[in-house]
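J.: Model the placement of chain B on the given structure of chain A, informed by the hints.
For the record, the sequence lines run as chains A and B.
Heads up, the final residue of the first sequence is numbered 426 in this note's numbering, and it's a clean run with no missing numbers.
Heads up, the final residue of the second sequence is numbered 426 in this note's numbering, and it's a clean run with no missing numbers.
Please keep in mind that the hints were generated in silico from the structure rather than gathered at the bench.
Honestly, I wouldn't trust all of these hints.
Because identical chains cannot be distinguished in the list, a pair is counted as satisfied if it fits within a single copy or across any two copies.
[As the list claims (entries may be wrong)] Below, in silico cross-link-like pairs of lysine-lysine (DSS-like), each with a Cα-Cα straight-line distance of 27 Å or less:
#	residue 1	residue 2
1	K72	K261
2	K408	K83
3	K208	K175
4	K218	K72
5	K408	K28
6	K175	K156
7	K192	K208
8	K408	K261
Protein chains: 2
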Amino acid sequence: MVYDILIIGAGVMGLTSAYYMKKRDPSKKIVVIDKYSGPAQGNSAKSEGGFRNTFASETNYLMADTSIDYFKHMQEEMGYDMKLEFIGYLWLFNEEQYEGIKPSLDIMRGRGVELDVYTRDQLESMIPSLMTDFDDDEEAELLGLRNVDYGVYGRKCGSLDADALVRAYEAEFLKLGGEVMYNTEVTSLILKPEEELGIPGEPFVWQKSNIVGVETSKGEILAETTVVACGVWSHILLDGIGLDSFQRPKKRQLFAFKDTKLDPVMKTEGLNPENALPLVILPTAGIFLKVELTEGSIWLGCADMMGRKFELEEDPQPEDDYYTNNIYHALVMYFPDFEDVRPMNSWAGQYSINSFDETPVIYKEPGLIYVGSGSGSGIMKGDAIGRIVDALHAGEENAELYGGTKFKVSDLGVKNRCVEREEFVI
Amino acid sequence: MVYDILIIGAGVMGLTSAYYMKKRDPSKKIVVIDKYSGPAQGNSAKSEGGFRNTFASETNYLMADTSIDYFKHMQEEMGYDMKLEFIGYLWLFNEEQYEGIKPSLDIMRGRGVELDVYTRDQLESMIPSLMTDFDDDEEAELLGLRNVDYGVYGRKCGSLDADALVRAYEAEFLKLGGEVMYNTEVTSLILKPEEELGIPGEPFVWQKSNIVGVETSKGEILAETTVVACGVWSHILLDGIGLDSFQRPKKRQLFAFKDTKLDPVMKTEGLNPENALPLVILPTAGIFLKVELTEGSIWLGCADMMGRKFELEEDPQPEDDYYTNNIYHALVMYFPDFEDVRPMNSWAGQYSINSFDETPVIYKEPGLIYVGSGSGSGIMKGDAIGRIVDALHAGEENAELYGGTKFKVSDLGVKNRCVEREEFVI
Numbered sequence: 001m002v003y004d005i006l007i008i009g010a011g012v013m014g015l016t017s018a019y020y021m022k023k024r025d026p027s028k029k030i031v032v033i034d035k036y037s038g039p040a041q042g043n044s045a046k047s048e049g050g051f052r053n054t055f056a057s058e059t060n061y062l063m064a065d066t067s068i069d070y071f072k073h074m075q076e077e078m079g080y081d082m083k084l085e086f087i088g089y090l091w092l093f094n095e096e097q098y099e100g101i102k103p104s105l106d107i108m109r110g111r112g113v114e115l116d117v118y119t120r121d122q123l124e125s126m127i128p129s130l131m132t133d134f135d136d137d138e139e140a141e142l143l144g145l146r147n148v149d150y151g152v153y154g155r156k157c158g159s160l161d162a163d164a165l166v167r168a169y170e171a172e173f174l175k176l177g178g179e180v181m182y183n184t185e186v187t188s189l190i191l192k193p194e195e196e197l198g199i200p201g202e203p204f205v206w207q208k209s210n211i212v213g214v215e216t217s218k219g220e221i222l223a224e225t226t227v228v229a230c231g232v233w234s235h236i237l238l239d240g241i242g243l244d245s246f247q248r249p250k251k252r253q254l255f256a257f258k259d260t261k262l263d264p265v266m267k268t269e270g271l272n273p274e275n276a277l278p279l280v281i282l283p284t285a286g287i288f289l290k291v292e293l294t295e296g297s298i299w300l301g302c303a304d305m306m307g308r309k310f311e312l313e314e315d316p317q318p319e320d321d322y323y324t325n326n327i328y329h330a331l332v333m334y335f336p337d338f339e340d341v342r343p344m345n346s347w348a349g350q351y352s353i354n355s356f357d358e359t360p361v362i363y364k365e366p367g368l369i370y371v372g373s374g375s376g377s378g379i380m381k382g383d384a385i386g387r388i389v390d391a392l393h394a395g396e397e398n399a400e401l402y403g404g405t406k407f408k409v410s411d412l413g414v415k416n417r418c419v420e421r422e423e424f425v426i
Numbered sequence: 001m002v003y004d005i006l007i008i009g010a011g012v013m014g015l016t017s018a019y020y021m022k023k024r025d026p027s028k029k030i031v032v033i034d035k036y037s038g039p040a041q042g043n044s045a046k047s048e049g050g051f052r053n054t055f056a057s058e059t060n061y062l063m064a065d066t067s068i069d070y071f072k073h074m075q076e077e078m079g080y081d082m083k084l085e086f087i088g089y090l091w092l093f094n095e096e097q098y099e100g101i102k103p104s105l106d107i108m109r110g111r112g113v114e115l116d117v118y119t120r121d122q123l124e125s126m127i128p129s130l131m132t133d134f135d136d137d138e139e140a141e142l143l144g145l146r147n148v149d150y151g152v153y154g155r156k157c158g159s160l161d162a163d164a165l166v167r168a169y170e171a172e173f174l175k176l177g178g179e180v181m182y183n184t185e186v187t188s189l190i191l192k193p194e195e196e197l198g199i200p201g202e203p204f205v206w207q208k209s210n211i212v213g214v215e216t217s218k219g220e221i222l223a224e225t226t227v228v229a230c231g232v233w234s235h236i237l238l239d240g241i242g243l244d245s246f247q248r249p250k251k252r253q254l255f256a257f258k259d260t261k262l263d264p265v266m267k268t269e270g271l272n273p274e275n276a277l278p279l280v281i282l283p284t285a286g287i288f289l290k291v292e293l294t295e296g297s298i299w300l301g302c303a304d305m306m307g308r309k310f311e312l313e314e315d316p317q318p319e320d321d322y323y324t325n326n327i328y329h330a331l332v333m334y335f336p337d338f339e340d341v342r343p344m345n346s347w348a349g350q351y352s353i354n355s356f357d358e359t360p361v362i363y364k365e366p367g368l369i370y371v372g373s374g375s376g377s378g379i380m381k382g383d384a385i386g387r388i389v390d391a392l393h394a395g396e397e398n399a400e401l402y403g404g405t406k407f408k409v410s411d412l413g414v415k416n417r418c419v420e421r422e423e424f425v426i
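In isolation and in its complexed conformation, chain A is listed as follows (with noise of 0.2 Å):
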């Protein structure tokens, strides 16, 4: 049996991908490829989980925005408990900082972005349990942290249960009768020539060759189209028909803690409804801090940038180190609460980045369709990656995102790509 449509991952582009693909045209037989033993058990499980639309790129923009409001519309009106709250973003910046970024908040606001800007006197009778202010302090000096004078907070951000978010796309995949195939691990991709000879050695280089199908460790599988989403573990796939996955894996650790001592930094003041700690960016080494509102406890990750290695890892594990004796310097600083609270758990997942333009590609050549390169922020743009996807394999120049916006298929593609970098990183 020939499968119209086999897809390897069944993380969160994979499955959206399927769904898209699936409900353009629910008599293709389409199956969902993985190694692990369910969805999302790579890295889309192992994400913080939260969205943002406030993003400078156009591209990103439009992607993450659209995908929130499908999001919501799942949540509210297709009845999945993916923990959708929008209790927002808030970057922490010094002054500094804050001119280097303005051109692109003058960027968001032209698009719609719902941003608010508060001085370091706002933000501190907002979240009374943080530090702004250094000047006096010779250790934050030596520490060479930042004072923090500016607050921008994004009100269309949150945070999310990337699990559940994945479980829904696959749940409703699987109604429209899509298979899926867990345990199964694709050990390579299958080149054939359009039309063989029967000697021994095809396809030859003068020979026009299409993938057809995978190796798995269960046996061949063939398909009409094989498409790739299988993030950090793409390259492996596509370096071996010398394809480029355009990304490196970068490992991200994520430190939870549930202390009545975090009290006071869970709680805010006027900045969302909850009066919850938004998800925050302190102006200091890419730290943030998001708080779980349905386990009562505060989230903890670091943006580490040079000197954390590009590298493949099957099963990343957190470093003990990593937060007691590095994080935990210049947190305590900002949230003196933090002072000897351990985390009560701790997990490492993998970002797939692409250092070129930190935006997804998404490739089609004969027989396969390339969807990876997140950057990190794949799963909250996951839903019209989805859509773009589809788009691409159904050979249509535009894909319609939620909402009825167009976006140009090739605009993610390599050879005319056409997106700006992202400048409005974490």
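T.: What follows is chain B alone, placed relative to chain A:
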């Protein structure tokens, strides 16, 4: 001792960069380090040694055109014998391919690139050994071979000795007092905080950190600036600190033939003053041939794309079958004189390919410069690349290429990258 500049890699990019940085300020202590025992021992000298100014992208054109001029200057006025032969490049196309590249030809002509277009009849009389028409040939149809309908001949193109070229730059660098350190393998880049606190675990994520040198097989070597110019090996060092080399290694094989049966193939009429076979690119599978005038031989290669894996090999080897059971089938149809002729020699090197835009990447991070991603044409752009690296290091906005052309340094960087994707590739 701390060097001013330490360059990793004594290939073409490393040594041209070293030369121009030393030339700007001969008082600077500059050292080039390589794991091999001499210059160009990685992949530079394994190149097919072709050069051309026939690039569709302005960026590639400027780099190649000015580099060719400087190579000519080195050969004619500086006394280096680099076997520079202006025998031309001849692209063979069928009707459809020709229509497709016409816009690129117009762009090139607009810049003054010397191009001649020949029809099939003209080609048949200029290259009597070439078969051009397979319309009634069942075997050719089975193989999917394209007819030769047109030839595009670039005059400022030809052949050079890549090894001699790199050695010439090394000689000039040494003359100025530059140092080389061979048989010295760099194992990692050293990242240190700007202000060391003396606490274990530095650099911390919240510290401002710089690359301060390298660990090598012979110990630590420190430098104000470290230049990573080690081609297909660059990602090993850059991955370690979480920076991207934007390249994937791909093997390319070359086969050399010396056989009196091929005398007719080596001779052409009216294409170039030598009446020698130019570098000819067949219309199928990127198969190319180049005459080596001093050796009296023909070199043959193939730009295999999909199907040829990306993989770093320490000592890539040519594959016996690759000529005999693969390229040969198509080659012998275009040049029947190859029938039963076996290669007298073969070797393999690795291209360092940037699949995004097939153009080199040059960027700066604290204490570090990366230059690489030659994508198969690094040697012929080598002079310009060295000047651009020097300008980036000196903090200049524009590099001055040979002949006075200004080149915006940031165009080859990541953040403000501005290059067109090359459409005229082999």
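J.: Determine for every hint whether it applies to the structure shown.
T.: Going through the hints against the structure:
no. : hint           : in the structure
1   : K72 with K261  : neither (33 Å within a copy, 74 Å between copies)
2   : K408 with K83  : neither (31 Å within a copy, 49 Å between copies)
3   : K208 with K175 : neither (37 Å within a copy, 52 Å between copies)
4   : K218 with K72  : neither (38 Å within a copy, 59 Å between copies)
5   : K408 with K28  : within (24 Å within a copy, 51 Å between copies)
6   : K175 with K156 : neither (30 Å within a copy, 63 Å between copies)
7   : K192 with K208 : within (8 Å within a copy, 51 Å between copies)
8   : K408 with K261 : neither (50 Å within a copy, 54 Å between copies)
Hint violations for this structure: numbers 1, 2, 3, 4, 6 and 8, all remaining hints satisfied.
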